[in-house]
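Trainee: Okay, here's what each chain looks like letter by letter:
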Amino acid sequence: MHPRFLTFVWIMTTVGLAAYLAIQISGGNRSLFLPGRTSDGHHQIELACDACHTPFGGVRQEACLECHQAELAAAEDSHAGSKFADPRNAGDLARLDVRQCITCHIEHRPEITEAMGLTLPVDFCHHCHANVVVERPTHRDMSFDTCASAGCHNYHDNRSLYEDFLVRHGNGLPATIPAALPERKAWILREGVDRLPLTAGDADRTTSATPELIDAWAGSAHASAAVACSDCHRSQGSLWADHPSDRVCGSCHELEPQGFVAGKHGMRRSADFNPMTPSQARLPMQPDSMSRTLNCGACHDVHAVNVRHAAVDACLSCHADEHSLAYSGSPHFRLWQAVLSSEGEPGSGVSCASCHLPRERRRVAGEDRIVVQHNQNANLRPNEKMIRDVCLTCHSLTLAIDALADPDLVRRNFVGLPSRHVRSIDMALSRKN
Amino acid sequence: MTHLLSNCRLWLMVAGALLTVLFGCGGNPSGGPDESVGISAKVMADALHAVMESDRTVYATRVVHRLQDQEKVIRASEHWRDDKALPLPAQMFRMGAEEASNKTDTFSYSLLSKWPINKKNAPRTEMEIAGLDRVAKDPSKPFYGRESLGGVEYFMAVYADQAVSPACVTCHNAHQDSPRNDFELGDTMGGIVIRIRLR
Chain U
1 MHPRFLTFVW IMTTVGLAAY LAIQISGGNR SLFLPGRTSD GHHQIELACD ACHTPFGGVR
61 QEACLECHQA ELAAAEDSHA GSKFADPRNA GDLARLDVRQ CITCHIEHRP EITEAMGLTL
121 PVDFCHHCHA NVVVERPTHR DMSFDTCASA GCHNYHDNRS LYEDFLVRHG NGLPATIPAA
181 LPERKAWILR EGVDRLPLTA GDADRTTSAT PELIDAWAGS AHASAAVACS DCHRSQGSLW
241 ADHPSDRVCG SCHELEPQGF VAGKHGMRRS ADFNPMTPSQ ARLPMQPDSM SRTLNCGACH
301 DVHAVNVRHA AVDACLSCHA DEHSLAYSGS PHFRLWQAVL SSEGEPGSGV SCASCHLPRE
361 RRRVAGEDRI VVQHNQNANL RPNEKMIRDV CLTCHSLTLA IDALADPDLV RRNFVGLPSR
421 HVRSIDMALS RKN
Chain L
1 MTHLLSNCRL WLMVAGALLT VLFGCGGNPS GGPDESVGIS AKVMADALHA VMESDRTVYA
61 TRVVHRLQDQ EKVIRASEHW RDDKALPLPA QMFRMGAEEA SNKTDTFSYS LLSKWPINKK
121 NAPRTEMEIA GLDRVAKDPS KPFYGRESLG GVEYFMAVYA DQAVSPACVT CHNAHQDSPR
181 NDFELGDTMG GIVIRIRLR
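Chains as they are written, first to last, in my numbering: chain U, 1 to 433; chain L, 1 to 199.
Hints in this document: simulated from the structure, not taken from any laboratory. Glycine included, each C-beta is placed from N, C-alpha and C at the ideal position. Mixed in with the good hints, there may be bad ones.
[Claimed, not checked] For lysine-lysine, the following BS3-like pairs were computed, each having C-alpha atoms within a straight-line distance of at most 25 angstroms: (1) U:Lys83 with L:Lys84; (2) L:Lys119 with L:Lys137; (3) L:Lys120 with L:Lys137; (4) L:Lys120 with U:Lys83; (5) U:Lys83 with L:Lys103; (6) L:Lys114 with L:Lys137; (7) U:Lys432 with L:Lys84.
[To be verified] Just the calculated beta-carbon pair ranges, DEER-fashion: (8) L:Asp138 with U:Ile112: 50 to 60 angstroms; (9) L:Trp115 with U:Glu76: 19 to 29 angstroms; (10) U:Arg99 with L:Arg146: 16 to 26 angstroms; (11) U:Glu76 with L:Asp55: 16 to 26 angstroms; (12) L:Arg146 with U:Pro275: 50 to 60 angstroms; (13) L:Arg66 with U:His43: 52 to 62 angstroms; (14) L:Val73 with U:Gly366: 40 to 50 angstroms; (15) L:Asp55 with U:Pro182: 32 to 42 angstroms; (16) U:Pro407 with L:Val73: 43 to 53 angstroms; (17) U:Pro275 with L:Pro179: 53 to 63 angstroms.
[Unchecked claim] Selected chain U positions facing chain L (Cβ under 8 angstroms, derived; list incomplete): (18) Ser82; (19) Lys83; (20) Asp86; (21) Asp164.
Modelling step: build the complete structure from the supplied sequences, incorporating the hints.
Mentor: Rendered as structure tokens:
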């Protein structure tokens, strides 16, 4: 073949390929550029490249903190970067620059990614704590790969694992005590809540509303709070919207959406993607739920606004992993059923939401509120974060630590007792006695 | 030759005039201190320490000792969030150091001791060891020096940190992790280390 023709073909192929890739990266199929499988925490937004990457600037620390800083601050991060800013730490930082998130968490490296997106060998604590046995002889026979895995330490959040906490909560308490969750404090910011409750006859609806919808609304907390049909369906202007957006919910429920978009259910929204569907999950999901859109209405029946439905049935209509499927055989479920049948005390049932969307006490505008945390992943990274605000409501610290450190027991949804005992409380008590 | 000398004189006069303008008339027209004139690292360290020591003394005596030991209103606790208590004076100091580090890296400060409750606060560099030894022997005289850390040159100063309140002594003597339990009021318990980045 003529060399000129070959040159022409080479140039055209190169130009064509470059044009194709340029089109793909600017809005086409960006998955072509993924260098490897992303972690479970980020896979839903893996095509929002610029959420993490700065063109020609790598992954900025600020990009990590934009999403995770508030959570780390709330956890009183025990290894915050500011703790290492003093130049006297230069030697430690030369070995492991813990001020940068990407020192321990590198994306697109599935072959070295551990739980919590850790990409360092799990014995990384030895870099700075090699002499721990000098201070704590009880640690003599322990290896550094068990620091976090044994339910003893958490790199960022040690609020329920520090020594004095173990002593205070670990001394002779019964494994389980009857208790109830705090009552939610209605979270309504809109004006006009002092209006009288509405009834079915007050429904300012369109003709498309069925009697069932009207009845559901009339029995709801919305009707009790004088929230009329038009307050949601006409909130964004004069035009009636059959399916109002989540923004309408957020106009009254201000805090809940903040948690929602920070968790896996809503994080695609924070990246300006379409809402998640269960087909995008990595956990097993129910086959008939795959195309469901995860917005407020996916869990909350928007007319009945039944929070009991949102607390269990909505979860199980999608989730089909072992832990979820085992719930119906668990002691927690029996407590939930007792409440549903009015045999149990209000608040004493344990639903999916009791643990995964816990009720938090927050000080807002000078007032104490009990608010449901809608980031269902917040207390799962790792699961010891659940101890303080969830498990200790009803259980001893000993049982909580042992249970959460037993993966088989977690899979069985806590049917049975922990198969192993974490010695952290014993060690803490032995030092104090 | 005469012409050449004359030219040199002219250039010298021009240069002299320029220097006069630059250094003689370039100061603050109000006659006050010139903001463009730097201060030595030692003066800066001493000034920083004066503020730190004053704040630390005020917090330890007029806040913690008064509210905890005298008026018994609220106690100070290592776990101040959980206990709804006051932060310990050392925690207060370190939180301030962390806050400052978020704003500037031109200087840093820390509270170290030869008898630390948290072993991470023991001296690590040769200068820290020498400085803490020196101020333990003579608390009236700060220790000054230079050291290179992570490839950066620092001026460093160590000042004695003394027990200014009975609360300091009681807590350190009673703490399980304290390597020394015979402190008395006025004893040097450690040192405030200030580093100023030179280049």
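Trainee: Against each hint, give a clear statement of whether it holds in the structure.
Mentor: To see whether the hints hold, each was checked on the structure:
1. Between the alpha carbons of Lys83 of chain U and Lys84 of chain L the distance comes to roughly 23 angstroms, so the proposed pair stays at or under 25 angstroms and holds.
2. Taken as a hint, the Lys119 of chain L and Lys137 of chain L pair is honoured in the structure, with Cα atoms around 22 angstroms apart against an allowance of 25 angstroms.
3. Simply put, Lys120 of chain L and Lys137 of chain L have alpha-carbon atoms about 23 angstroms apart, close enough for the 25 angstroms limit, and the pair holds.
4. With a CA separation close to 11 angstroms, the supplied pair Lys120 of chain L and Lys83 of chain U stays within the 25 angstroms bound.
5. Taking the CA atoms of Lys83 of chain U and Lys103 of chain L, the gap is about 13 angstroms. The hint holds against a cut of 25 angstroms.
6. Restraint check for Lys114 of chain L and Lys137 of chain L: satisfied, since their Cα atoms lie roughly 12 angstroms apart, inside the 25 angstroms limit.
7. The straight-line distance between the Cα atoms of Lys432 of chain U and Lys84 of chain L is roughly 22 angstroms, inside the 25 angstroms bound, and the hint therefore holds.
8. A hinted range of 50 to 60 angstroms for the beta carbons of Asp138 of chain L and Ile112 of chain U is consistent with their spacing of about 53 angstroms.
9. Distance hint for Trp115 of chain L and Glu76 of chain U: a CB-CB separation of about 26 angstroms, consistent with the stated range 19 to 29 angstroms.
10. In this structure, Arg99 of chain U and Arg146 of chain L meet the distance hint of 16 to 26 angstroms, their C-beta atoms being roughly 25 angstroms apart.
11. Checked against the given bound of 16 to 26 angstroms, the beta carbons of Glu76 of chain U and Asp55 of chain L, roughly 23 angstroms apart, stay inside it.
12. Taking the beta carbon of each, Arg146 of chain L and Pro275 of chain U are about 59 angstroms apart, inside 50 to 60 angstroms as hinted.
13. In this structure the supplied range 52 to 62 angstroms holds for Arg66 of chain L paired with His43 of chain U, their Cβ-Cβ distance being about 55 angstroms.
14. For the hinted restraint 40 to 50 angstroms between Val73 of chain L and Gly366 of chain U, the CB-CB distance of approximately 22 angstroms leaves it violated.
15. In this structure the supplied range 32 to 42 angstroms holds for Asp55 of chain L paired with Pro182 of chain U, their Cβ-Cβ distance being about 39 angstroms.
16. As the Cβ distance of Pro407 of chain U to Val73 of chain L is approximately 47 angstroms, the hint placing it in 43 to 53 angstroms holds.
17. Our hint of 53 to 63 angstroms for Pro275 of chain U and Pro179 of chain L holds, since their Cβ atoms are close to 57 angstroms apart.
18. The restraint placing Ser82 of chain U at the interface with chain L holds, with a minimum CB-CB distance near 4 angstroms, inside the 8 angstroms limit.
19. Nearest Cβ of chain L to the Cβ of Lys83 of chain U: about 6 angstroms, under the 8 angstroms cut. The hint holds.
20. Contact between Asp86 of chain U and chain L, as hinted, is supported at the beta carbon level, the nearest pair being about 5 angstroms apart and thus within 8 angstroms.
21. About 6 angstroms separates the beta-carbon of Asp164 of chain U from the nearest beta-carbon of chain L, less than 8 angstroms, and the hint is met.
Checked against the numbered hints above, the structure violates only hint 14.
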